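Chains as they are written, first to last, in the working numbering: chain P, 136 to 631; chain F, 203 to 454.
Hints were generated in silico from the structure; no laboratory data involved.
Just so you know, these numbers come straight off a predicted model, no measurement behind them.
Do not take every clue at face value.
List of simulated lysine-lysine pairs, BS3-like, C-alpha gap at most 25 Å [stated by the list, open to error]:
no., chain 1, residue 1, chain 2, residue 2
1, P, K477, F, K386
2, P, K224, F, K419
3, P, K265, F, K419
4, F, K275, P, K417
5, P, K456, F, K419
6, P, K357, P, K327
7, F, K369, P, K477
8, F, K419, P, K211
9, P, K357, P, K265
10, F, K369, P, K583
11, F, K386, F, K275
12, P, K473, F, K275
13, P, K224, P, K333
14, P, K467, F, K369
15, P, K503, F, K369
Okay, here's what each chain looks like letter by letter:
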Amino acid sequence: MVSSPFAVKMENVNFRYSSCAAEGLRDINLSVRHGECIVLTGASGCGKTSLTRIVNGLIPHFYEGELRGDISIGGKNITSWKLDELSMKVGSVFQNPRSQFFNLDTTNEIAFGCENLGISREQILQRINKTVTDLHIERLINRDVFSLSGGEKQMLAIASAYSLGPDIFVLDEPSANLDAFATNQLREVLEKLKGEGKTILIAEHRLYYLADIADRILYMEKGRIVKEWSVKEFGEVSKEQRTELGIRAWNLSQVKIEHHRSTSKEETGLSVEHLSVAYTPKLPILCDISCTMPRNKITAVIGRNGQGKSTFARCLCGLTKENSGKVSYEGKELPYKKRCGKNFLVMQNPSYQLFSDSVMGEVELSLKSGKKGGTTEAWDILRLLSLDEFVEQHPMSLSGGQKQRLAIAAGIAQNADVIILDEPTSGLDYTNMLRVHTLLDQIQARGKEIIVITHDYEFLVNTCDCVIEIEDGIITDQYQINTENENKLLRFFMNI
Amino acid sequence: MKVDTRCVPSVAKSTDALLVGDRRTLEPRTKLLILLIINITSFVQSNVLCETICIAMIIFAMLYHRSYRLAIKNLLLFIAMALLILLTLRVENTVVGMLSVVLIMARKIFPTFMFAALLMSTTQVGEMTASLQTMHTPRQITIPIVVIMRFFPTIKEESRGVLDAAKVRGIRFTFWNFLSAPGKMMEYIMVPLMMQLSVVAEELSAAAVTRGIDSDKQRTSLYQTRFGIVDIIFILLFSANLIFAFMGGGIW
Numbered sequence: 136m137v138s139s140p141f142a143v144k145m146e147n148v149n150f151r152y153s154s155c156a157a158e159g160l161r162d163i164n165l166s167v168r169h170g171e172c173i174v175l176t177g178a179s180g181c182g183k184t185s186l187t188r189i190v191n192g193l194i195p196h197f198y199e200g201e202l203r204g205d206i207s208i209g210g211k212n213i214t215s216w217k218l219d220e221l222s223m224k225v226g227s228v229f230q231n232p233r234s235q236f237f238n239l240d241t242t243n244e245i246a247f248g249c250e251n252l253g254i255s256r257e258q259i260l261q262r263i264n265k266t267v268t269d270l271h272i273e274r275l276i277n278r279d280v281f282s283l284s285g286g287e288k289q290m291l292a293i294a295s296a297y298s299l300g301p302d303i304f305v306l307d308e309p310s311a312n313l314d315a316f317a318t319n320q321l322r323e324v325l326e327k328l329k330g331e332g333k334t335i336l337i338a339e340h341r342l343y344y345l346a347d348i349a350d351r352i353l354y355m356e357k358g359r360i361v362k363e364w365s366v367k368e369f370g371e372v373s374k375e376q377r378t379e380l381g382i383r384a385w386n387l388s389q390v391k392i393e394h395h396r397s398t399s400k401e402e403t404g405l406s407v408e409h410l411s412v413a414y415t416p417k418l419p420i421l422c423d424i425s426c427t428m429p430r431n432k433i434t435a436v437i438g439r440n441g442q443g444k445s446t447f448a449r450c451l452c453g454l455t456k457e458n459s460g461k462v463s464y465e466g467k468e469l470p471y472k473k474r475c476g477k478n479f480l481v482m483q484n485p486s487y488q489l490f491s492d493s494v495m496g497e498v499e500l501s502l503k504s505g506k507k508g509g510t511t512e513a514w515d516i517l518r519l520l521s522l523d524e525f526v527e528q529h530p531m532s533l534s535g536g537q538k539q540r541l542a543i544a545a546g547i548a549q550n551a552d553v554i555i556l557d558e559p560t561s562g563l564d565y566t567n568m569l570r571v572h573t574l575l576d577q578i579q580a581r582g583k584e585i586i587v588i589t590h591d592y593e594f595l596v597n598t599c600d601c602v603i604e605i606e607d608g609i610i611t612d613q614y615q616i617n618t619e620n621e622n623k624l625l626r627f628f629m630n631i
Numbered sequence: 203m204k205v206d207t208r209c210v211p212s213v214a215k216s217t218d219a220l221l222v223g224d225r226r227t228l229e230p231r232t233k234l235l236i237l238l239i240i241n242i243t244s245f246v247q248s249n250v251l252c253e254t255i256c257i258a259m260i261i262f263a264m265l266y267h268r269s270y271r272l273a274i275k276n277l278l279l280f281i282a283m284a285l286l287i288l289l290t291l292r293v294e295n296t297v298v299g300m301l302s303v304v305l306i307m308a309r310k311i312f313p314t315f316m317f318a319a320l321l322m323s324t325t326q327v328g329e330m331t332a333s334l335q336t337m338h339t340p341r342q343i344t345i346p347i348v349v350i351m352r353f354f355p356t357i358k359e360e361s362r363g364v365l366d367a368a369k370v371r372g373i374r375f376t377f378w379n380f381l382s383a384p385g386k387m388m389e390y391i392m393v394p395l396m397m398q399l400s401v402v403a404e405e406l407s408a409a410a411v412t413r414g415i416d417s418d419k420q421r422t423s424l425y426q427t428r429f430g431i432v433d434i435i436f437i438l439l440f441s442a443n444l445i446f447a448f449m450g451g452g453i454w
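Please model the complete structure; the sequences and the hints are all you need to start from.
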């Protein structure tokens with residue numbers, strides 16, 4: 136049946152989006168053999184997502200533009216593929232787990248594609264059973280999709296694609312919203328797909344989990360493929376070269392703790408005593424937590440999703456009320472009602488937090504609520520966060536990183552003492568990760584305490600000073616980030 | 203690859219349970235038809251008895267679906283509303299009079315809302331499409347229904363995000379703020395909410411395309427739905443009440 140030795144073949148492919156300014160593709164020549172796993176990497180906006188869209192047919196059918204060159208998928212020219220038939224050949228998984236399912240129950244979600252393509256009910260049942268047993272996802276069946284964790288949702292997305300029986304899988308930053316544990320689960324499923332001889336194309340920033348799966352790594356820049364390595368070669372790429380290209384680590388155990396922060400004495404900052412939170416009496420989320428977070432250190436809160444980490448942050452920020460216990464800043468108690476605004480949360484998706492119609496307006500809105508006026512102050516803050524050239528722009532027209540900075544600017548303008556960041560580096564390449572690192576150093580220098588919730592090992596090791604591990608609603612460990620604790624931390628992330 | 207045979211029966215069993223259903227529910231088309239009947243009844247009837255029968259039957263339908271909490275909540279809400287109307291009618295004051303008009307309007311559409319809530323909470327998206335497809339409904343109708351039912355929980359989730367974000371930014375959605383700056387407050391909720399929803403919508407449609415949503419083949423269904431005797435009983439009951447409403451509900 137297989138006529139061509141290549142699952143995907145592109146010759147001199149060029150593409151330009153007709154509607155948006157996003158970078159297209161230039162002179163792409165790529166041949167992917169059957170059963171091969173290709174990793175596409177490069178800075179945000181380098182064209183790796185566009186490349187995946189060509190393979191699954193979203194370009195040019197969904198994202199319109201000017202496409203030139205020869206493309207064949209499964210030995211058949213792209214122009215002779217009908218889009219619905221292509222979906223049985225190429226399975227797609229996207230970045231955002233919350234926006235790729237259609238049904239509210241998981242079983243029907245796996246069946247959804249089959250239903251659309253008019254496959255008979257008996258066959259659909261068989262396919263569901265095959266998908267569930269092949270991918271070992273028995274625990275996902277018959278559940279409410281909204282009750283699934285992010286990792287489980289991504290697993291469901293893979294299962295839904297799998298049930299259509301494709302032999303090529305295209306994944307666009309599938310781990311961007313996942314914690315370390317879910318990323319490991321993702322790796323296991325990808326290993327299974329590879330073991331079955333599926334061809335896999337994956338666009339990613341986070342690379343370490345692909346070390347045992349990938350065959351080739353392609354580096355893209357401004358719409359072109361500029362570098363290519365085999366797995367073996369890629370393992371030998373030096374740290375300097377990686378940093379220069381902005382590529383994430385391939386092997387986490389090679390990421391060394393480098394920064395040497397002054398070992399100055401810890402100053403009292405935020406602390407909690409006997410804090411308990413429960414949404415229902417029988418189901419406590421946090422049980423009797425006590426800890427201190429020094430004012431002059433960057434504290435990282437780590438732990439599996441759904442184990443109390445985000446509830447902890449929400450409680451610190453005054454979004455969720457505690458059932459008992461207290462939160463204090465510099466030894467003075469901060470009651471629930473006063474916490475909001477004093478402890479400022481920068482959300483994982485900062486676009487939620489921007490309400491004004493210009494960058495300047497955004498800062499002024501916060502200055503007002505912080506009961507301080509004056510545009511000199513606003514300019515000062517915007518300069519600190521290098522947003523001063525965008526004062527007139529609409530917040531929604533900013534890039535992801537700029538939105539994040541603007542949210543932080545709002546926090547500073549609101550005169551917050553503590554800035555809490557939820558996953559500030561999810562989906563960022565190495566260069567942008569370092570940028571967040573520098574930024575946090577700067578705002579800390581202004582006397583703000585910083586707490587980050589993170590799953591990003593490289594960022595953690597680069598930027599943070601101490602770690603609080605939360606599991607099952609209690610603090611399981613709390614330690615400094617130094618060479619002695621390196622193994623402990625690494626074990627936590629590699630889930631050994 | 204080795205297949206773990208132990209889990210095959212368990213999966214088969216669980217899918218069977220889902221499809222045959224130990225859930226007690228009316229056929230989705232029955233629910234849609236009853237919703238329509240209730241809608242007409244509400245606007246035709248001009249009589250307390252007819253209205254009471256309608257509410258009672260909806261409560262009965264809720265109990266049949268084992269939606270006990272929904273039944274109690276709605277019953278209490280309706281009683282509260284009825285009492286409030288009685289109370290406002292006794293006070294002679296223009297403002298109170300206006301309030302009572304609003305309440306009477308609300309009471310008119312209340313049965314429809316009650317049944318719609320039942321329909322939403324007891325119907326799987328897949329059941330609905332399966333049911334419509336047995337009548338060869340084109341996918342131009344079934345797909346939008348999937349999307350609408352999928353979008354309600356999303357709107358809820360996204361609004362929660364927006365409200366939290368506003369709180370962090372020191373924007374309070376208090377009653378006083380709504381009175382003094384209603385435009386600003388609406389803007390603070392609607393603009394970010396619409397932005398987020400449009401992002402979700404775009405990503406969702408891209409994902410849909412890769413799952414064969416615009417295929418021109420006849421759509422099939424995992425679920426199977428069938429009319430039963432209970433469906434007929436419920437339809438007859440609600441139709442009888444509709445006739446009663448048309449007759450002016452005039453027993454006395």
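Of the hints stated earlier, which fail here?
5, 6, 9, 11 and 12
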